[in-house]
Amino acid sequence: MDKELRNYTVQLLQKGKRIDGRGLTDYREPVTVRSGISETAEGSAEVHIGDTIVMAGVKMSIETPYPDTPDQGGIMVNVELYPMSSPQYEPGPPGQAAVELARVVDRGIRESKAIDMKKLCIEKGEKVWTVNIDIVTINDAGNLFDACALAAVAALRDAYFPKYENGDLNYKEKSKKKLPLLKEPVSVTVYKIDKSFIVDPDTDESEVYDARLTVASTPDGQLSALQKGGDMPLTVEDITTMVDIALEKASFLRSKLTGGK
Amino acid sequence: MTYKKRFDGRDWLELRPIEAKAGVIKNADGSAYFKIGKTVAYAAVYGPRELHPKFLQNPKTGILRCYYDMMPFSGIGDRVRPGASRRSKEISMVMEKALAPVVDLREYPNTTVDVFVELPQTDAGSRCAAICAAAIALADAGITMSDIVSAIAVGRVDDKIVADLNYDEESYEDGPVADIPMAILYNSKEISLLQMDGEISKEELARALEIGIQVSEQIAQIQIKAIKDKYMVNNNG
Chain A
1 MDKELRNYTV QLLQKGKRID GRGLTDYREP VTVRSGISET AEGSAEVHIG
51 DTIVMAGVKM SIETPYPDTP DQGGIMVNVE LYPMSSPQYE PGPPGQAAVE
101 LARVVDRGIR ESKAIDMKKL CIEKGEKVWT VNIDIVTIND AGNLFDACAL
151 AAVAALRDAY FPKYENGDLN YKEKSKKKLP LLKEPVSVTV YKIDKSFIVD
201 PDTDESEVYD ARLTVASTPD GQLSALQKGG DMPLTVEDIT TMVDIALEKA
251 SFLRSKLTGG K
Chain B
1 MTYKKRFDGR DWLELRPIEA KAGVIKNADG SAYFKIGKTV AYAAVYGPRE
51 LHPKFLQNPK TGILRCYYDM MPFSGIGDRV RPGASRRSKE ISMVMEKALA
101 PVVDLREYPN TTVDVFVELP QTDAGSRCAA ICAAAIALAD AGITMSDIVS
151 AIAVGRVDDK IVADLNYDEE SYEDGPVADI PMAILYNSKE ISLLQMDGEI
201 SKEELARALE IGIQVSEQIA QIQIKAIKDK YMVNNNG
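Protein chains in written order, with this note's numbering: chain A, 1 to 261; chain B, 1 to 237.
Okay, chain B solo, but in the shape it has when bound:
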């Protein structure tokens, strides 16, 4: 058996439809909505604000904290129990590492910038959507950033290298699968998130990473447009 045609009919390297919007949550200092296929992420940024408890403060710079959370009804199967899980803690951590390289908080010592991401519905690629939303929200909050971060999962389904796996592809059972979520800095093309689970050869990995970098540019354009759109609207009153 080989994987001949994608379950949802896309080309191998075609991304699912993407929508992005900045400034969707009024109370937040910055916020964003990011949708890719059936995966939806909201991000809200609060800060820079004073960090408690004090021993966590860094007198040299502000720090970035991320909180990834799936809404209880956002999973395809059973209800997701509210509150932090082992999975959500790990994703929160890798999100921080994915975004931190572009965020400069040296002007705000002893503070924290908190990024909260909530997902009302998911269909794979939720950590990538979370990072994309968070990057827009950070820019919307006016945080100094040296680059934009875009994230996408690439990988293999059977003998095909694919971009933006959906849930059906992640759980493909007639052959080996590799799911590789990655985050890419738009200008430097460096990779700030890399995880993988599944089976893949060294050569296929190299190809998948190249593809990830390539397709991430489409996402970055959409993120940048979302930020610009909000700015334009504000200018026109």
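The following block holds chain A by itself, in its conformation from the complex:
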């Protein structure tokens, strides 16, 4: 860790300031969500948070259901940290960071029951739809957790089933049937640096934090996934504060989903 950067960041935070002049719980500008960025995907979106850019695409495939849930479809979330997006990343299979991101996004969607899995059933025990959500980084300037989760939900909102008639799957045409999305889970990650709590760290702040807590929540204020990260532990009091901040900022991020088309 860069000690000077850390000290400088902490000093500023004690005065309620940040390196780029934002308030502690302000997101960078702009936060934008643009859907339909890939015509080959069944649904897609590009999310910008400040200089961070991620894309998400949904591909639907027909699979055999799991024996214990013969009438339910499935979802799969994958994150690729492209070497294009940062000098830190190298080509190769997903490492720990990419897998953690994917799993946290997956839980936020899966556990909130955002997708009606039973509506993904084509033929009980035989054929169900699997919703493949791929999230890729174009420019990593910090806060991938929130950006990836937002892009995934935006891509799901944009998704239509491909045409499927008499056992023939035709990817070239979309049906008029939208993906059954019941809720829109959004993730906010709160970072603790020394005694301060911030959201949406930039690249520098991402290197000097003590702990982070990602909170996925639905519009009714229910939490659907949590993930604590970072080297330092948190107190119950910390966690309560962080969840409060996350819930408040979640409605801000959610407003970008509807305004972004």
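Keep in mind the hints are simulated off the structure, nothing from the lab.
Each hint should be verified, as a subset may be incorrect.
Computed cross-link-like contacts, DSS-like style, restricted to lysine-lysine with a CA-CA straight-line distance of at most 27 Å [claimed, not checked]:
| hint | chain 1 | residue 1 | chain 2 | residue 2 |
| --- | --- | --- | --- | --- |
| 1 | A | LYS176 | A | LYS127 |
| 2 | A | LYS192 | A | LYS3 |
| 3 | B | LYS38 | A | LYS176 |
| 4 | B | LYS38 | B | LYS160 |
| 5 | B | LYS35 | A | LYS172 |
| 6 | B | LYS26 | B | LYS228 |
| 7 | B | LYS38 | A | LYS174 |
| 8 | A | LYS172 | B | LYS4 |
| 9 | B | LYS5 | B | LYS38 |
| 10 | A | LYS178 | B | LYS38 |
| 11 | A | LYS172 | B | LYS160 |
| 12 | A | LYS17 | B | LYS26 |
| 13 | A | LYS124 | A | LYS172 |
| 14 | A | LYS177 | B | LYS38 |
| 15 | A | LYS174 | B | LYS5 |
| 16 | A | LYS3 | B | LYS26 |
This structure is a prediction, so every number in the text was calculated from the model and none was measured.
Go by the hints and put chain B onto chain A.
Leaving out everything else, chain B in the frame of chain A:
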């Protein structure tokens, strides 16, 4: 049966609409966006930077490495599995060979210049779009270049010689098809990428190559404009 009218209504030698932009990825030393029809490519250049492992280093010059990759949702059919495939490895290699002749890295011994290309959606011509984007990104990164490289697929669909085949034409089934992706150096008119699959006669090939060289000038103009546009914007603050 003969191919009487192109599926998308274009003239035989007409290219699909093209858009290009330089400097779209802030972290990269150079970057570009290139769109032709429904095929979209992003390119990012990192370097010259130190090359690891060391045994790959060349004390006489820097080296150019290209990485072509389709995003998992960029194919018309099934999801594309992430990670290098046999196809993407071959395309990465031919991209390097297409771009290397114009790139001079002798000033940067022991380094690498890495070009990463990602495609969010494709409709044929993806390696050509990748090369076009990469060339703009290399120029944007300030790499010394002796020429610009433009790439386009030409070929035949049934009895017609065509430029810039789309997916429907590549998969035309009522007659023979030849798909010839090629890269052309703008000033010297030399060809640094040439592949072909399908069926074509020697005479038709010669004509197709001439056409490729001809239409590539339109692409080069768009690439050059993309680089200039970014430079102008920066100058105006």
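Structure-based check of each hint:
no.	hint	in the structure
1	A/LYS176 / A/LYS127	20 Å, holds
2	A/LYS192 / A/LYS3	16 Å, holds
3	B/LYS38 / A/LYS176	22 Å, holds
4	B/LYS38 / B/LYS160	22 Å, holds
5	B/LYS35 / A/LYS172	20 Å, holds
6	B/LYS26 / B/LYS228	18 Å, holds
7	B/LYS38 / A/LYS174	16 Å, holds
8	A/LYS172 / B/LYS4	23 Å, holds
9	B/LYS5 / B/LYS38	19 Å, holds
10	A/LYS178 / B/LYS38	23 Å, holds
11	A/LYS172 / B/LYS160	26 Å, holds
12	A/LYS17 / B/LYS26	25 Å, holds
13	A/LYS124 / A/LYS172	26 Å, holds
14	A/LYS177 / B/LYS38	23 Å, holds
15	A/LYS174 / B/LYS5	26 Å, holds
16	A/LYS3 / B/LYS26	25 Å, holds
Figure legend: structure checked against the earlier numbered hints; every hint is met.
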